[in-house]
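Student: The number in this note's numbering is simply the position in the sequence shown, starting from 1, with 140 added.
One or more of the hints may lead you astray.
[Claimed, not checked] Here are the simulated lysine-lysine pairs, DSS-like style, with alpha carbons at most 25 Å apart:
1) 352 <-> 289
2) 310 <-> 289
3) 253 <-> 289
4) 300 <-> 342
5) 300 <-> 290
6) 290 <-> 329
7) 342 <-> 290
8) 289 <-> 264
9) 253 <-> 300
10) 329 <-> 342
11) 352 <-> 329
12) 342 <-> 264
13) 329 <-> 289
14) 342 <-> 253
No lab work stands behind these hints: they were computed from the structure.
On a predicted model such as this, the values are computed, not experimentally measured, just so you know.
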Amino acid sequence: MRKLSLSLLVLFAFVTASCAQMPAAPPPVVETVVVTVVATQPAPPTPIPTLPPPPTAIPTLPPPDTATPEPTAEPAEAPAEPAANNASPADPPAAEIPVLSSSDGVFTSITWKTDHFSLRCVPKSNTFTVVIDNGYVERVYLYYRIRDKKNPDYLVSEWKNGGEMEYIGKDTYEMVFSGELVHPDLRAKEAFFDFQFIATNKVDDVVSRTEKLEDYITYSIDCIE
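Construct all of the structure, not just a fragment, from the sequences and the given hints.
Tutor: In structure tokens:
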């Protein structure tokens, strides 16, 4: 066993010595190769030649007129035509409508719209308006009668209640009385429409009445010529 170990030791020493005597391998030579890359640029586009514009013909102007222009006479103005007279003849003045009142001061204003109205012709109605100055008055009525114009003293109707007037505020009462409201038995060809106003309290007792207003208004069945 000891001999084997000794032999291995001798063999190892021999191999080691042999390796130390071998020349070292020379270092590898590295060659540097320089490659030159030439970049090829595309050739620039060939410019398209610009053609010059065609010559513009110069117009030949006529020579200036050297003659002195004669002054032109201005046309005479035509005489103005007289304005047409389109105005319609003046309407006949309407009859003046009086403003009345009662003697006791309860009716401070009594007015109506027109001095005539008719059953079949315009105007076909009349508007009556009264103003009251009394705190007890609650209602106002219109009474009327018909008197024939040809015989006013003989052909006279009895008084008729024409209806209650409408309160429109501020102590004012109004009524639109149509020609159809005249009783059929009282309608006349041409007659006076006499009227009177009566004011009553809340229990319909008379507080005041106006005078009988006569000859102020004309009533007719047909148009009056």
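Student: Is residue 342 close enough to residue 290, meaning Cα to Cα at most 25 Å?
Tutor: violated (41 Å)
Student: Given the proposed pairing of residue 352 with residue 329, does the C-alpha separation stay at or below 25 Å?
Tutor: With Cα atoms ~22 Å apart, residue 352 and residue 329 stay inside 25 Å; holds.
Student: Hint check: residue 329 vs residue 342, CA-CA at most 25 Å. Holds or violated?
Tutor: Judged against 25 Å, a Cα distance of about 39 Å means the pair is violated.
Student: Quick one, are residue 289 and residue 264 close enough, alpha carbons at most 25 Å?
Tutor: Between residue 289 and residue 264 the Cα gap is close to 19 Å, so the pair holds against 25 Å.
Student: Is residue 300 close enough to residue 342, meaning Cα to Cα at most 25 Å?
Tutor: holds (22 Å)
Student: Are the Cα atoms of residue 342 and residue 264 separated by 25 Å or less?
Tutor: violated (32 Å)
Student: Is residue 329 close enough to residue 289, meaning Cα to Cα at most 25 Å?
Tutor: holds (9 Å)
Student: Does residue 289 lie within 25 Å of residue 253 when you go C-alpha to C-alpha?
Tutor: holds (21 Å)
Student: Checking one constraint from the list: CA of residue 300 to CA of residue 290, max 25 Å. Satisfied?
Tutor: Holds, because 21 Å separates the two Cα atoms, which is no more than 25 Å.
Student: If you draw a straight line from the CA of residue 290 to the CA of residue 329, is it 25 Å or shorter?
Tutor: holds (10 Å)
Student: Are the Cα positions of residue 253 and residue 300 separated by 25 Å at most?
Tutor: holds (21 Å)
Student: Does the structure keep residue 352 and residue 289 at a Cα separation of 25 Å or less?
Tutor: OK: residue 352 and residue 289 at ~17 Å, within 25 Å.
The earlier numbered hints that this structure contradicts are 2, 7, 10, 12 and 14.
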